[in-house]
Amino acid sequence: MRDKDRDELTKAEWRATNRVATGFAATTLAAIGLAIVYWQGGQTQLEGVLLALALGGLGYGFVVVAKRLLPQGPYEEERDPLPASDETVAGIEQDIERGEGWLDRRGFLLKLLALAGGALGLAALFPIRSLGPSPGNQLKRTRWRKDSLVVDAQGNPIATDALEVGGTLTVFPEGALEAEDSQTVLIRVPEDEFRPREGRADWAPMGYVAYSKVCVHAGCPVGLYQQDIKRLLCPCHQSTFDALDGARPVFGPATRSLPQLPLYVDDGGFLRSQSDYTEPVGPGFWDRDR
Amino acid sequence: MIIPRLARWLDDRLGASRVARSTLNKVFPDHWSFMLGEIALYAFVILLLTGVYLTFFFVPGSKEVVYDGSYAPLHGATMSQAYESTLRISFDVRAGLVMRQIHHWAALVFVAAIIAHMSRVFFTGAFRRPREINWMVGITLLLLAVANGFTGYSLPDDQLSGTGLRIAYSVVLSIPLVGEWMAFLIFGGAFPGNDAITRFFVIHILIVPAAIAILLTVHLALLVRQKHTQWRTARAREDNVVGAKLWPTFMAKTVGLFFLVFAVVAALGGLVQINPVWIWGPFQPAAVSAASQPDWYVGWLEGALRLMPPWEIRAFGFEIPNPFYGGVLMPGITFGILYAWPFLEARFTHDHAEHHILDRPRDRPVRTAIGTGILTFYLLLFIAGGNDVLAAQFHVSVNAITYVLRVLLFVGPVSTGYVTYKLAQELRARDRARETTRSTRPPPPTAVLRRTPTGGYVEG
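Respectively, the protein sequence lines represent chains Y and E. Following this note's numbering, the numbering of the first sequence begins with 1 at its first residue and continues without gaps. Following this note's numbering, the numbering of the second sequence begins with 1001 at its first residue and continues without gaps.
So here's chain Y without its partners, still in its complex pose (with noise of 0.2 Å):
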């Protein structure tokens, strides 16, 4: 507008450059008021608010000078071919094969470049190894042991009157309150209704019945019991489980029941486990039941 007089410029262009700079004043207001907020110890939605109306005066404005005050077009551009000649291909053929003698007449420095290659490549993944433990028999072990105390998650033992029929507790081994495999839920379902596992009639003494927390699925925690019919829920991917048959899936993804840990009452009275889980807890993997 720089050449143009006021009385020069034409209404519509007098009107979108009113526009412009109604938007980039508001952008300087907004920015002000930014600064000043900030200025006052800050407050999120203002902050946000005005960051918007300093930026959007900004946008507003760039829009109407590009729709309104600057050339237009359409304007036209030649689309010129990709393919470069033949002659051109034919000269990169050559320029490649500029000095190729050399491997033509030692072909074993080629092969012995690749080895060296190879062995060097196979030589650098080896820091990789360096980023994590070997899992071993991690994942097919869990905290429990023989005579483990039951404790909850504050550390405190579990007496045989601590639950009522139908309520639940996490449970963990004593001394491995942090251990995430080692999660339990522990169940006091009616007795009459257990239905043990062949060869678990004694892990569930008085009623109280013991499965990994870790979901089989994905690893979620199994953590809301359904009191009134009497299922484990994983909130995750809603895998379902019967607490009085053994944990077997009944709904959802899992494809396995949750491991159960055998429990005993030792003579002071606690839960203490008979031994670790029998099989590995949690989501499945390659050789799980190798």
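Below, a sample of chain E positions facing chain Y; criterion: calculated Cβ distance under 7 Å:
(1) Ser1170
(2) Val1242
(3) Lys1245
(4) Thr1249
(5) Val1255
(6) Ala1263
(7) Glu1312
Think of the hints as simulated: they come from the structure by calculation, not from any bench. Bear in mind the structure is a predicted one, so any value in this text is a computation, not a measurement. Quick reminder that beta carbons are idealized off the backbone N, C-alpha and C, glycines included.
Fit chain E to the supplied structure of chain Y, relying on the hints for placement.
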């Protein structure tokens, strides 16, 4: 004048004038659908700006500390340094929360814009020769954007992000043969591992953004080299480009778009709360709540895990566990098909010619039908990722919703694909009919002028 002197100075040293001139005169076709990719680009710029700010305050550590900041409900709670510093950014760093929320919103917009842009390119056939390479670069960018979103989401070490990491760990664990080693090497041991957050931080702020920046450059360089596609108009042909020149019209427009995108994201960041980690609480492995949803662009993976029936392959004591199919195989096939699509289509249509004029979706009923079918499939998976939310909202059993979605997942895409196919055919037929009537219609009646004896003319 300073500018001509500076230009002269630069040209003396770089000889850049000729390139600069042709760049300034470069013609860009104009259509609203061509802005989608620009929105993605600008979301990335916003992510860089806000992300750099956040790195000055965030501490990517798992060491446990006791909270004593200004958010009273968590006073005295033990938490990781990562979670503590996220709270500090949210409550004690002035302008910290607005930056954090703009960052998160920009990430959601980033992936959304990429997918909208990709859909535009797909439905208009802009991926065809010579643009197959740029299509594949674009798919890689989508992959990287999702990866960076997920790693960023995992950093605050709150209950929700910890749950997400737990599931990601299990999905890695499910990979045949190498899963255990991969999971242990990535997390630095069995879950939760002490190194995950530190490593995800490096991936999130350095490795993936650098890869995105490099591929973006390639993406744009290829665009400049091959020139933009365009819609068929009276002037636009296969061998020309019609539109606005880069300087100044396109430049002003696109700079305006940048500020407008930033303005919208800033308004969202200020007014619409996102990921209030102080409500979720610090991550505890034994705790979880229903309605644990990831960010929207991971919803399809979550949905695939939820819908998968309880099947897996077991033989000789080895197994390919259930999460593998929804969490690894399905996305693997998804991206495999995406990468291969330009070549698949060329093969089946025997169309190996160069194309610079875009298809209208109706002109390619089969492609359009397949595209809508595929979008329906992923939309249904996304919905399945929130099946518990739906159940709570509509008071339906989550099991019923899951059964229905399992069926819909296969019925839905086929029906939307079929309807789209019919619609496209109908629209195309109507267009053709209109063209024929236009060419066979008698010419519009012309007026008859009669000369009056006095020398004047009258009509009729």
